[in-house]
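Whenever a hint applies, use it, and build me the whole structure from the sequences.
In the UniProt record's numbering, the protein residues as written are 1 to 194.
Take the hints with a grain of salt, since some may be wrong.
Derived Cβ-Cβ restraints for the label pairs, each shown as a range [what the hints assert, rightly or not]:
(1) G178 with R22: 18 to 28 Å
(2) A12 with P89: 11 to 21 Å
(3) R125 with P147: 34 to 44 Å
(4) G10 with Q39: 20 to 30 Å
Quick caveat, the hints were computed from the structure, so don't treat them as lab data. Just so you know, even glycine gets a beta-carbon here, dropped at the ideal spot from N, CA and C.
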Amino acid sequence: MTVTTRVLTGEALGAALEDVARLRIRVFHDFPYLYDGDQDYEQDYLRAYQSPGAVVVAAMDGARVVGAATGAPMVDHAADFAAAFEDRPEPLDQIFYCAESVLLREYRGQGIGHAFFDAREAHARALGLTFSAFCSVIRPADHPARPADYRPLDDFWRKRGYAPLPGVIARFSWKDLGEAAETEKPLQFWMRPL
Numbered sequence: 001m002t003v004t005t006r007v008l009t010g011e012a013l014g015a016a017l018e019d020v021a022r023l024r025i026r027v028f029h030d031f032p033y034l035y036d037g038d039q040d041y042e043q044d045y046l047r048a049y050q051s052p053g054a055v056v057v058a059a060m061d062g063a064r065v066v067g068a069a070t071g072a073p074m075v076d077h078a079a080d081f082a083a084a085f086e087d088r089p090e091p092l093d094q095i096f097y098c099a100e101s102v103l104l105r106e107y108r109g110q111g112i113g114h115a116f117f118d119a120r121e122a123h124a125r126a127l128g129l130t131f132s133a134f135c136s137v138i139r140p141a142d143h144p145a146r147p148a149d150y151r152p153l154d155d156f157w158r159k160r161g162y163a164p165l166p167g168v169i170a171r172f173s174w175k176d177l178g179e180a181a182e183t184e185k186p187l188q189f190w191m192r193p194l
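Listed below in structure tokens is the structure:
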């Protein structure tokens, strides 16, 4: 499989959001997100990427989008995430938020995750921002849906220079698989200087 990545902004970004929504629903279905998503929710959520500083990095197998990573300046993103930084010294207008990285399972382990971060960090630097941050859902180690072969991505993130920010926890709600209603989930923020 030969996969290439493309950095999309402006109109090209807008045209890719349907693919991003499809991938979010499919990839976040798995542990640890267990996301029971739908297209209507996705369309509303992805409106945050209409800002001029937003970026989508698309992983392409020919003409097919098989993965995507999104990002935008923190000040342009959901207030729910920005609120987690209230007690931090870094100004929000200097933080780039690396949102989702979603990649179909059969394309993993080929360096695409690094390409996603490289492109988003380069985009953030071009915007003049000095920090890059993302968050990941916190699930208990004994969660009943955790697969026996599950490996957290902590080592990958640390090798890229990210570290968890103590006490910087966002709260976001979505409906888990098999649940009747949305419940709030804690998400740990990680950050690095650019």
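Verification of the hints:
Remark: the range hint 18 to 28 Å for G178 to R22 is upheld by a beta-carbon distance near 21 Å. Checked against the hint of 11 to 21 Å, the pair A12 and P89 fails, with Cβ atoms roughly 36 Å apart. Against the hinted window of 34 to 44 Å, the Cβ-Cβ separation of R125 and P147 comes to about 36 Å, which satisfies the hint. A hinted range of 20 to 30 Å for the beta carbons of G10 and Q39 is consistent with their spacing of about 23 Å.
When held up to the earlier numbered hints, the structure conflicts with hint 2 and nothing else.
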